[in-house]
Amino acid sequence: MEGIKDKVAIIGMGCTKFGELWDKGVGDLIVDAAYEAFEDAGVEPNQIDAAWIGTVFSGLSGITLAPLRLSYIPITRVENMCATGSEALRAAVYAVAAGACDIALALGVEKLKDSGQTGLAGPAVVGSSTLGTSGVAPGYSPPASFAYLGTKYFHDNGIKPEDGKRLLAKIAVKNHHNGSLNPKAHFQNELTEAQVLKAPIVAWPLGLLDCCGVSDGAAAAIVTRADMAKHFRADPIYVKASAICVGAREGQLRQDYDFMHIEENVRGSRRAYADAGITEPRKELSIAEVHDCFTIHEMIVYEDLGFSPRGRAKEDIEAGTFTLSGELPVNTDGGLKCFGHPLGASGLRMMYEVYKQLQGKAGARQVKNPRLGLTHNLGGNAGTGICSCFIVGNDAG
Amino acid sequence: MVGITSIRTYIPLYRLSGDEIAGMWGGRNLGGEKAVAGCDEDSVTMAVGAGLDAMRDYQGKIDRLYFATTTAPYKEKQGAAIIASAVDLDKSCYTGDFTNSLRAGSLALKSAVDGVQCGSAVNILVIASDCRVGAAQSTFEQILGDGAASIIIGSQNVIADIEDGYSIFNEFTDAWRTEEDVFERGSEERFVDTAGYRPVVKEVVSNLMDRHKLAPKDFSKVVFYAPDARSHNTLGKSLGFDGARIQDPLFAHIGNTGTAASFIMLAAALDTTEPGDRILFVTYGDGADAFILRVTEEIRKVRNRPMVTAKLERKMPIRYAQYAMWRGLVRIEASRLPERPPLSVQCLSRERKNVLGLYGVKCRSCGTPQYPASRVCVVCHTKDNFEDYKFSHRKGTLFTYSVDHLQPTLNPPGVNGVVDFDGGGRLVCELTDCDPAHVEAGMPVEMTFRKLYQSIGINSYFWKAKPISGG
Numbered sequence: 000m001e002g003i004k005d006k007v008a009i010i011g012m013g014c015t016k017f018g019e020l021w022d023k024g025v026g027d028l029i030v031d032a033a034y035e036a037f038e039d040a041g042v043e044p045n046q047i048d049a050a051w052i053g054t055v056f057s058g059l060s061g062i063t064l065a066p067l068r069l070s071y072i073p074i075t076r077v078e079n080m081c082a083t084g085s086e087a088l089r090a091a092v093y094a095v096a097a098g099a100c101d102i103a104l105a106l107g108v109e110k111l112k113d114s115g116q117t118g119l120a121g122p123a124v125v126g127s128s129t130l131g132t133s134g135v136a137p138g139y140s141p142p143a144s145f146a147y148l149g150t151k152y153f154h155d156n157g158i159k160p161e162d163g164k165r166l167l168a169k170i171a172v173k174n175h176h177n178g179s180l181n182p183k184a185h186f187q188n189e190l191t192e193a194q195v196l197k198a199p200i201v202a203w204p205l206g207l208l209d210c211c212g213v214s215d216g217a218a219a220a221i222v223t224r225a226d227m228a229k230h231f232r233a234d235p236i237y238v239k240a241s242a243i244c245v246g247a248r249e250g251q252l253r254q255d256y257d258f259m260h261i262e263e264n265v266r267g268s269r270r271a272y273a274d275a276g277i278t279e280p281r282k283e284l285s286i287a288e289v290h291d292c293f294t295i296h297e298m299i300v301y302e303d304l305g306f307s308p309r310g311r312a313k314e315d316i317e318a319g320t321f322t323l324s325g326e327l328p329v330n331t332d333g334g335l336k337c338f339g340h341p342l343g344a345s346g347l348r349m350m351y352e353v354y355k356q357l358q359g360k361a362g363a364r365q366v367k368n369p370r371l372g373l374t375h376n377l378g379g380n381a382g383t384g385i386c387s388c389f390i391v392g393n394d395a396g
Numbered sequence: 000m001v002g003i004t005s006i007r008t009y010i011p012l013y014r015l016s017g018d019e020i021a022g023m024w025g026g027r028n029l030g031g032e033k034a035v036a037g038c039d040e041d042s043v044t045m046a047v048g049a050g051l052d053a054m055r056d057y058q059g060k061i062d063r064l065y066f067a068t069t070t071a072p073y074k075e076k077q078g079a080a081i082i083a084s085a086v087d088l089d090k091s092c093y094t095g096d097f098t099n100s101l102r103a104g105s106l107a108l109k110s111a112v113d114g115v116q117c118g119s120a121v122n123i124l125v126i127a128s129d130c131r132v133g134a135a136q137s138t139f140e141q142i143l144g145d146g147a148a149s150i151i152i153g154s155q156n157v158i159a160d161i162e163d164g165y166s167i168f169n170e171f172t173d174a175w176r177t178e179e180d181v182f183e184r185g186s187e188e189r190f191v192d193t194a195g196y197r198p199v200v201k202e203v204v205s206n207l208m209d210r211h212k213l214a215p216k217d218f219s220k221v222v223f224y225a226p227d228a229r230s231h232n233t234l235g236k237s238l239g240f241d242g243a244r245i246q247d248p249l250f251a252h253i254g255n256t257g258t259a260a261s262f263i264m265l266a267a268a269l270d271t272t273e274p275g276d277r278i279l280f281v282t283y284g285d286g287a288d289a290f291i292l293r294v295t296e297e298i299r300k301v302r303n304r305p306m307v308t309a310k311l312e313r314k315m316p317i318r319y320a321q322y323a324m325w326r327g328l329v330r331i332e333a334s335r336l337p338e339r340p341p342l343s344v345q346c347l348s349r350e351r352k353n354v355l356g357l358y359g360v361k362c363r364s365c366g367t368p369q370y371p372a373s374r375v376c377v378v379c380h381t382k383d384n385f386e387d388y389k390f391s392h393r394k395g396t397l398f399t400y401s402v403d404h405l406q407p408t409l410n411p412p413g414v415n416g417v418v419d420f421d422g423g424g425r426l427v428c429e430l431t432d433c434d435p436a437h438v439e440a441g442m443p444v445e446m447t448f449r450k451l452y453q454s455i456g457i458n459s460y461f462w463k464a465k466p467i468s469g470g
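Heads up: the sequence lines are chains A and B, in that order. When we follow numbering that gives the first Met the number 0, the leftmost residue of the first sequence carries the number 0, and every step to the right adds one. When we follow numbering that gives the first Met the number 0, the leftmost residue of the second sequence carries the number 0, and every step to the right adds one.
Just so you know, not all the hints are guaranteed correct.
[What the hints assert, rightly or not] Below, computed lysine-lysine pairings styled on DSS-like, alpha-carbon distance capped at 30 Å:
#, chain 1, residue 1, chain 2, residue 2
1, A, Lys151, B, Lys394
2, A, Lys360, A, Lys169
3, B, Lys314, A, Lys151
4, B, Lys389, A, Lys151
5, B, Lys465, A, Lys159
6, A, Lys169, A, Lys367
7, A, Lys151, B, Lys465
8, B, Lys389, A, Lys159
[Stated by the list, open to error] If you want a taste of the chain A side facing chain B, the calculated C-beta under 10 Å gives, among others:
#, residue
9, Ser114
10, Leu119
11, Gly138
12, Ala143
13, Phe145
14, Tyr152
15, Pro199
16, Trp203
17, Ala247
18, Glu249
19, Phe258
20, His260
21, Ser324
22, Pro369
23, Ala381
Hints are computed from structural coordinates only; laboratory data are not their basis. These figures come from a predicted structure and were not determined experimentally. Ideal placement from N, C-alpha and C gives every residue a C-beta, glycine not left out.
All chains should be modelled from the sequences, with the hints used to inform the complete structure.
Here is the structure:
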């Protein structure tokens with residue numbers, strides 16, 4: 000099977016400020032993200048051959064992209080839960096690689112705050128449960144679905160509750176530090192460990208500050224053939240791998256599923272590493288943007304993605320391995336923790352950060368001489384997941 | 000010989016004390032405590048609890064199910080059919096609801112005895128269950144409790160022979176609810192006691208005793224219903240039974256549980272009887288029924304005797320605020336999380352065996368039990384090679400759990416778990432009847448039938464896990 004490596008390049012990206020954007024509609028966010036990308040790529044809107052719009056709640060069909068007035072080209076709306084933004088990019092990348100078009104736009108948008116709701120739907124509402132269509136799924140919230148991992152991970156690894164809480168707090172503190180350096184983040188405040196620890200409990204071990212926020216935002220990417228990329232800019236970013244890995248609800252159905260890892264994360268990342276030719280992700284990756292919807296998930300991702308040995312994330316968290324100045328900086332832009340999680344936008348927002356880092360344009364957050372970066376999303380939860388992994392690099396290969 | 004072959008009770012976990020109610024409202028404190036159905040329980044779910052207990056080690060086939068209640072969840076739509084589905088009775092079982100009278104339990108019992116005696120049925124399961132609500136601050140609020148009990152009537156392995164019975168009807172307005180009434184209504188207590196309850200019960204008892212030329216001394220126990228503790232006390236004395244022979248109505252422990260009350264009292268009485276004992280059993284409501292029961296040798300084989308005492312001891316106190324929320328006495332703020340979509344009766348109908356009977360499947364190729372039924376095995380990926388597999392009676396272990404402070408529930412926080420069933424199969428579901436502080440991985444659990452929520456005027460019934468209670 001031929002991979003996607005070095006066939007497609009990203010030549011322009013845009014990302015709105017994320018936050019409670021009361022004065023902006025879905026159309027405003029789409030226009031803001033797309034026009035930043037057009038300008039960045041030096042591409043006129045009428046040069047776009049095809050477009051993919053990723054959104055879960057903020058629009059149906061390709062017509063969602065109508066505010067851009069990209070008349071009479073193929074446009075498709077895609078949805079893949081929390082991996083929706085990455086899915087839009089994947090579609091555009093594959094279309095270009097297949098030769099179906101030369102220049103494609105991928106845009107993700109979500110306007111969560113217009114719903115008046117304070118959080119996302121749990122499994123009973125979105126049907127992300129095994130329990131058929133009869134509406135009898137348990138009524139728990141998204142944080143509770145990740146708390147399962149925390150209670151089990153701590154229990155089986157012999158981590159005392161208070162020690163476990165402190166490890167998770169360190170992840171929140173790290174991401175908030177990074178977010179404080181990012182003018183596009185929803186939350187730009189530093190947090191202390193003490194603040195995280197004393198926040199009200201939402202679903203033990205997760206307190207309020209272990210959870211990402213509810214935000215509005217949009218992000219966009221323009222992709223073209225790798226051999227055409229330098230016509231547009233001197234520093235295009237090349238796609239090395241794109242993997243989507245979807246489970247069959249094994250965790251909810253099989254007793255051998257351990258609730259201490261997410262198999263989709265493991266298999267999705269290995270597939271991406273193989274395509275990109277990566278054998279030692281911790282050494283070879285310069286930066287990773289991972290799905291820190293809840294701090295416990297970032298902790299488990301360290302192990303699932305092979306950054307830390309199984310059961311050893313603790314040591315790496317304590318050693319500061321994933322801080323801005325650490326061995327492998329993770330969530331350098333502040334992550335979901337500081338951007339919130341407008342589902343359609345998140346995957347592309349992560350890519351925006353990796354793209355800027357690889358171009359050396361990440362300002363105060365810039366890591367030294369980056370070469371390869373990864374973005375990772377997980378939709379659903381343990382055993383019902385949709386994992387997306389993108390790997391990109393600044394070398395044409 | 001036609002009589003009782005099994006009697007089991009279901010008493011909800013929660014207790015609201017007279018102190019708690021009086022602390023809320025001031026005024027007269029009747030003392031004691033009452034059993035309170037959880038916010039996910041109703042007369043149907045409690046009846047399922049009592050029914051499953053009866054069926055646990057029962058070998059015979061149930062030909063009929065009679066459900067007796069004054070608090071059926073539906074005005075039109077049978078409770079017995081829901082119960083029969085959850086208890087997993089054979090499709091040919093004849094189901095009926097007995098309603099509208101506090102005597103519905105014994106009316107159903109009498110019909111069951113007649114049905115077996117005339118030979119049209121072999122075994123009949125009768126379940127009485129009630130959860131009546133008194134208005135805030137009313138005497139009824141202190142008196143009315145919730146509970147259920149099941150009795151199987153048959154002619155084999157009878158533990159208490161029903162030798163005879165006598166009944167009268169009496170049109171008398173002492174306790175009632177109209178279509179519009181949410182709360183119990185009642186006439187003035189002295190009037191109820193002296194003009195209705197006492198004369199009617201005395202009449203039915205004296206008629207039955209005269210017919211058999213029996214006197215109070217011929218009975219080792221007398222079990223009789225009463226609206227409240229005081230009328231029970233007064234009547235006991237006036238019937239001429241000495242205090243030791245009068246079965247405690249348990250009002251101070253569980254309150255007056257309506258149609259279930261006399262069944263629960265009878266179960267408690269049978270807990271401490273010996274073969275050969277004669278029991279006088281009297282029920283009341285729109286008239287009265289009196290029965291003479293004779294205990295047999297089979298009583299010694301009954302599982303977990305004494306059964307009722309153990310159930311009374313397993314309890315969790317609640318505050319008045321919880322009670323008020325559970326019974327809808329106060330309006331609470333709606334959740335700001337997205338709501339569940341409306342129930343689809345079409346989906347429920349298609350999946351009714353999964354949902355009400357907790358049936359999954361077992362793969363014939365690799366032997367893995369799985370819930371719910373599916374077409375392709377989650378382990379070996381074989382297509383369409385399954386047999387039905389019931390999970391409702393299986394015990395399990397809590398693999399992991401999460402306590403959710405955002406979950407929309409009338410008993411926050413929500414507790415949820417991943418249940419691994421003994422013998423295989425896993426279910427992610429809600430937990431109930433547990434103290435969130437004492438939930439832990441590895442805890443043994445069992446399944447219980449509950450009401451998840453209401454949507455488009457329909458109760459969504461499904462199963463939850465609860466810590467194993469024993470018994």
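Exercise. If you take the shortest Cβ to Cβ gap from A:Phe145 to chain B, is it below 10 Å?
Worked result: 8 Å, holds
For this session: Hold the hint about A:Ala381 up to the distance rule: shortest CB distance to chain B must be less than 10 Å.
Result: 9 Å, holds
For this session: Mind checking the alpha carbons of B:Lys389 and A:Lys159 for me, to see if they're no more than 30 Å apart?
Result: 38 Å, violated
For this session: Against chain B, run the beta carbon of A:Ser324 and see if the smallest gap drops under 10 Å.
Result: 34 Å, violated
Problem set entry | Proposed proximity, A:Lys151 with B:Lys314 (alpha carbon, max 30 Å) | 29 Å, holds
Exercise. Given the proposed pairing of A:Lys151 with B:Lys465, does the C-alpha separation stay at or below 30 Å?
Worked result: Holds - the C-alpha atoms of B:Lys465 and A:Lys151 are around 19 Å apart, at most 30 Å.
Exercise. Given the proposed pairing of A:Lys151 with B:Lys394, does the C-alpha separation stay at or below 30 Å?
Worked result: 20 Å, holds
Exercise. How about A:Ala247: closest beta carbon in chain B under 10 Å, or not?
Worked result: 6 Å, holds
Exercise. Would the stated hint for A:Leu119 survive a check requiring a Cβ distance to chain B of less than 10 Å?
Worked result: Holds. Min distance 7 Å.
For this session: Under 10 Å, Cβ to Cβ, is where A:Ser114 needs to be relative to chain B, so tell me if that hint holds or is violated.
Result: 7 Å, holds
Exercise. B:Lys465 and A:Lys159: Cα distance at most 30 Å?
Worked result: 26 Å, holds
Exercise. Hey, does the A:Tyr152 contact hint survive, CB to chain B under 10 Å?
Worked result: 9 Å, holds
The structure is inconsistent with the numbered hints 8, 20, 21 and 22, although it conforms to all the rest.
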